[in-house]
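Q: Chains as they are written, first to last, in my numbering: chain A, 13 to 374; chain B, 13 to 374.
Among the clues, some could well be false.
It does not matter which identical chain is used: a pair holds within one copy or between any two.
As the list claims (entries may be wrong) - 25 Å max Cα-Cα, derived DMTMM-like pairs, lysine to aspartate or glutamate: (1) Lys119 - Asp342; (2) Lys244 - Asp99; (3) Lys244 - Asp332; (4) Lys244 - Asp342; (5) Lys56 - Asp187; (6) Lys244 - Asp189; (7) Lys121 - Asp189; (8) Lys119 - Asp217; (9) Lys51 - Glu323; (10) Lys51 - Asp330; (11) Lys295 - Glu280; (12) Lys121 - Glu137; (13) Lys51 - Asp332; (14) Lys244 - Glu290; (15) Lys319 - Asp99; (16) Lys244 - Asp217; (17) Lys119 - Glu59; (18) Lys295 - Glu327; (19) Lys119 - Asp99; (20) Lys51 - Glu327; (21) Lys244 - Glu323; (22) Lys319 - Asp246; (23) Lys142 - Glu128; (24) Lys244 - Asp320.
Just so you know, the hints here were simulated from the structure itself, not pulled from any lab data.
Protein chains: 2
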Amino acid sequence: MNPQNLRIPGPTPVPPEVMQAMQRPMIPHRGNEFRQIHKNLVQKIQEILRTDSNVFVMPGSGSIGWEAAIVNTLSPGDHVISFVCGDFGARFAGVADAYGLNVRTYKVKPGHAVDELMVRRALAEHPQAKAVLYTHNETSTGITNPLQRVGPIVRDHGALLIVDAVSSAGAVHIDTDLWGVDVLLSGSQKGWMSPPGLAIVSANDRAMAATSQASFPRSFLDFEAWSSSVAKGDTPATAPLTLYFALDAACSLILDEGMAARTERHDEAGRRTRQTFEDAGFKLFADTAYASSTLTAIEVPGGAGAKDLVETVRERYDIDVAAGQADLSDQIIRVGHMGWFEQEDIARAANAVVACATVMAE
Amino acid sequence: MNPQNLRIPGPTPVPPEVMQAMQRPMIPHRGNEFRQIHKNLVQKIQEILRTDSNVFVMPGSGSIGWEAAIVNTLSPGDHVISFVCGDFGARFAGVADAYGLNVRTYKVKPGHAVDELMVRRALAEHPQAKAVLYTHNETSTGITNPLQRVGPIVRDHGALLIVDAVSSAGAVHIDTDLWGVDVLLSGSQKGWMSPPGLAIVSANDRAMAATSQASFPRSFLDFEAWSSSVAKGDTPATAPLTLYFALDAACSLILDEGMAARTERHDEAGRRTRQTFEDAGFKLFADTAYASSTLTAIEVPGGAGAKDLVETVRERYDIDVAAGQADLSDQIIRVGHMGWFEQEDIARAANAVVACATVMAE
Numbered sequence: 013m014n015p016q017n018l019r020i021p022g023p024t025p026v027p028p029e030v031m032q033a034m035q036r037p038m039i040p041h042r043g044n045e046f047r048q049i050h051k052n053l054v055q056k057i058q059e060i061l062r063t064d065s066n067v068f069v070m071p072g073s074g075s076i077g078w079e080a081a082i083v084n085t086l087s088p089g090d091h092v093i094s095f096v097c098g099d100f101g102a103r104f105a106g107v108a109d110a111y112g113l114n115v116r117t118y119k120v121k122p123g124h125a126v127d128e129l130m131v132r133r134a135l136a137e138h139p140q141a142k143a144v145l146y147t148h149n150e151t152s153t154g155i156t157n158p159l160q161r162v163g164p165i166v167r168d169h170g171a172l173l174i175v176d177a178v179s180s181a182g183a184v185h186i187d188t189d190l191w192g193v194d195v196l197l198s199g200s201q202k203g204w205m206s207p208p209g210l211a212i213v214s215a216n217d218r219a220m221a222a223t224s225q226a227s228f229p230r231s232f233l234d235f236e237a238w239s240s241s242v243a244k245g246d247t248p249a250t251a252p253l254t255l256y257f258a259l260d261a262a263c264s265l266i267l268d269e270g271m272a273a274r275t276e277r278h279d280e281a282g283r284r285t286r287q288t289f290e291d292a293g294f295k296l297f298a299d300t301a302y303a304s305s306t307l308t309a310i311e312v313p314g315g316a317g318a319k320d321l322v323e324t325v326r327e328r329y330d331i332d333v334a335a336g337q338a339d340l341s342d343q344i345i346r347v348g349h350m351g352w353f354e355q356e357d358i359a360r361a362a363n364a365v366v367a368c369a370t371v372m373a374e
Numbered sequence: 013m014n015p016q017n018l019r020i021p022g023p024t025p026v027p028p029e030v031m032q033a034m035q036r037p038m039i040p041h042r043g044n045e046f047r048q049i050h051k052n053l054v055q056k057i058q059e060i061l062r063t064d065s066n067v068f069v070m071p072g073s074g075s076i077g078w079e080a081a082i083v084n085t086l087s088p089g090d091h092v093i094s095f096v097c098g099d100f101g102a103r104f105a106g107v108a109d110a111y112g113l114n115v116r117t118y119k120v121k122p123g124h125a126v127d128e129l130m131v132r133r134a135l136a137e138h139p140q141a142k143a144v145l146y147t148h149n150e151t152s153t154g155i156t157n158p159l160q161r162v163g164p165i166v167r168d169h170g171a172l173l174i175v176d177a178v179s180s181a182g183a184v185h186i187d188t189d190l191w192g193v194d195v196l197l198s199g200s201q202k203g204w205m206s207p208p209g210l211a212i213v214s215a216n217d218r219a220m221a222a223t224s225q226a227s228f229p230r231s232f233l234d235f236e237a238w239s240s241s242v243a244k245g246d247t248p249a250t251a252p253l254t255l256y257f258a259l260d261a262a263c264s265l266i267l268d269e270g271m272a273a274r275t276e277r278h279d280e281a282g283r284r285t286r287q288t289f290e291d292a293g294f295k296l297f298a299d300t301a302y303a304s305s306t307l308t309a310i311e312v313p314g315g316a317g318a319k320d321l322v323e324t325v326r327e328r329y330d331i332d333v334a335a336g337q338a339d340l341s342d343q344i345i346r347v348g349h350m351g352w353f354e355q356e357d358i359a360r361a362a363n364a365v366v367a368c369a370t371v372m373a374e
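Work out the full structure: start from the sequences and follow the hints.
A: Spelled out as structure tokens, the structure:
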């Protein structure tokens, strides 16, 4: 099996250095060796995310990050604004709803972005909103929303800005503190080049202040427990050592590459992939003004057959790409270009999709 | 570093077959290959735990299992009985308390067991109890409580029996269904010979019926979401693939050894370790009638100095043993004998403790 052929939008291939890190034997999870690894890991993540805030590396996936943000900063009945431009935004709103929040959802057509005009309007219509749930990169459609412009608007209003950066963080530039993000959440298995199993969460002082008021019962996800543990290098419960070793090695690779070069590599992958599909006559699914640098979605010719196409690409080329999600499951194809790749890897995947779609259409 | 020298009560050493399994490249988490692995893993766990119930392999640690059991089967204000014979029982009760349950706690002196008489009395005193929180093996003291006798008593009463089997499951015989356990929770890093990062939870039909009545808001831990996903081989969120590969390999090793032989190996380790310490004149901390087969605790001569002794054993012998927890942190030494070991490994650790304690007492 060639791990380079995994071109779904996560899990993504794991580099050899990270695989090797997972061969490290177990160590005491309450010892100084672990504490030093943990402290270094937190510092690396802070550098990658450009934040001085708390960083919590929690067992779980990106979706546990949604729940952690909600239970720690809000209380039942609180008003929140959620912006939905795809399946992950909808699921994030669904968690808020399951927790009994007063959720005002603003939806845009999948493939379109949630821009600053919409955010301004929503805040004007719901001035009592305590928090805004915002998806940076919508993994189901290939849209990157303009977080850098939306952040300051939300900060001016005073609401907390909770950002799902599951499929952008670690891959492309995010200026967490400068952009006014209060809680950011991501998952280890996408831009971070690590296996799934960790949620990466940052929470600034505003988020921590909200935590002291938030009344949802919580234990495992409690930011205050995490904060006081992390200050000592500890974790509230036994840390998933192997995944910490992996993420630590991956963060070193990320910093070695440098976030500027890394962002440009992802941007170029996006440009090239879109060009490949457009040259072959395919319709890009996402508004090109907001096209994601970590994944590209195209409409399947004829409007259906994405699942068959994914199977065909796998059978003929041993390459995994993804169909759509929810309502779009059979209508679009998604090619991931995030984390560990060279441009040729992505070109091979895009060309395989083109070739199979062309044959299937004949 | 010799992983065999890790003799704390978890994380425990990980066998080479399990380390090797973690070198498997990433695969699509929504594909048939993963579904097959997941289905096989669940079957193996069911066989090991002797249960036909739902099995959920959740990202997290044993303590997420406490929370999962509580939020899925109970509602705010419900009466529960908790039995505390050490730090982990106290923490389990603490989670119930944080969730606003009406917790009636029965405490025994650390080093003693929660026997069937106490359970009978507690149920008679609190007939309205909806659930009983019971620790099978108390990792902080080295007591194994008589679950096989307590289970039928709780079932007769009608309360749900929620069992913390973090440091017993996978290592020693547990007859989950026969003993009347409704929810069992464990962690991958102890008897299961895997890295930390997974909670292993079983939930029977009675627990699932309670779930449909339980009113705590929940998302990531929701048993119904897990149950419907697992039925298809899926997980509600992205599964931590590498840790699943590891646990799957470990379960194969467990079944290859056989639970009867495995239980006897652990029982023998317990007997030998206790003998070693008693022969050297040390006082065993736990009531020998309920001595654990997965870890042994001794009182430090003079009543204090456990932390220094742990450091000395590490420095002189490159062996990690553990001091106590909470109030007992400097008063007892705990030697883990769970998961992957041969008798000589444990003898070496026990002898090192004896030698260092003797030298330090001089």
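Q: Now look at each hint and say whether the structure bears it out.
A: Verification of the supplied hints:
1. Lys119 - Asp342: within (21 Å within a copy, 57 Å between copies)
2. Lys244 - Asp99: between (38 Å within a copy, 21 Å between copies)
3. Lys244 - Asp332: between (42 Å within a copy, 21 Å between copies)
4. Lys244 - Asp342: For Lys244 and Asp342, only the inter-copy Cα distance (19 Å) is at most 25 Å; the intra-copy one is 49 Å.
5. Lys56 - Asp187: Classified as within; 14 Å inside a copy, 46 Å across copies.
6. Lys244 - Asp189: Answer is within; shortest intra-copy Cα gap is 23 Å, inter-copy 41 Å.
7. Lys121 - Asp189: Answer is neither; intra-copy 29 Å and inter-copy 50 Å both fail.
8. Lys119 - Asp217: Neither way: Lys119 and Asp217 sit 30 Å apart in one copy and 39 Å across, limit 25 Å.
9. Lys51 - Glu323: Only across copies: Lys51 and Glu323 sit 22 Å apart there, 43 Å inside one copy, limit 25 Å.
10. Lys51 - Asp330: between (40 Å within a copy, 24 Å between copies)
11. Lys295 - Glu280: Classified as within: same-chain Cα gap 19 Å, cross-chain 68 Å, threshold 25 Å.
12. Lys121 - Glu137: Cα proximity of Lys121 and Glu137: one copy only (20 Å, versus 59 Å across).
13. Lys51 - Asp332: between (36 Å within a copy, 22 Å between copies)
14. Lys244 - Glu290: neither (52 Å within a copy, 37 Å between copies)
15. Lys319 - Asp99: within (17 Å within a copy, 51 Å between copies)
16. Lys244 - Asp217: Answer is within: at 18 Å inside a copy they meet the 25 Å cutoff, but 42 Å across does not.
17. Lys119 - Glu59: neither (33 Å within a copy, 47 Å between copies)
18. Lys295 - Glu327: For Lys295 and Glu327, the Cα distance is within 25 Å only inside one copy (24 Å; across copies 65 Å).
19. Lys119 - Asp99: within (11 Å within a copy, 48 Å between copies)
20. Lys51 - Glu327: Classified as between; 24 Å across copies, 44 Å inside a copy.
21. Lys244 - Glu323: between (49 Å within a copy, 19 Å between copies)
22. Lys319 - Asp246: between (44 Å within a copy, 17 Å between copies)
23. Lys142 - Glu128: So Lys142 and Glu128 pass the 25 Å test inside one copy only (18 Å; across, 50 Å).
24. Lys244 - Asp320: Close across copies (20 Å), not inside one copy (51 Å); limit 25 Å.
The earlier numbered hints that this structure contradicts are 7, 8, 14, 17.
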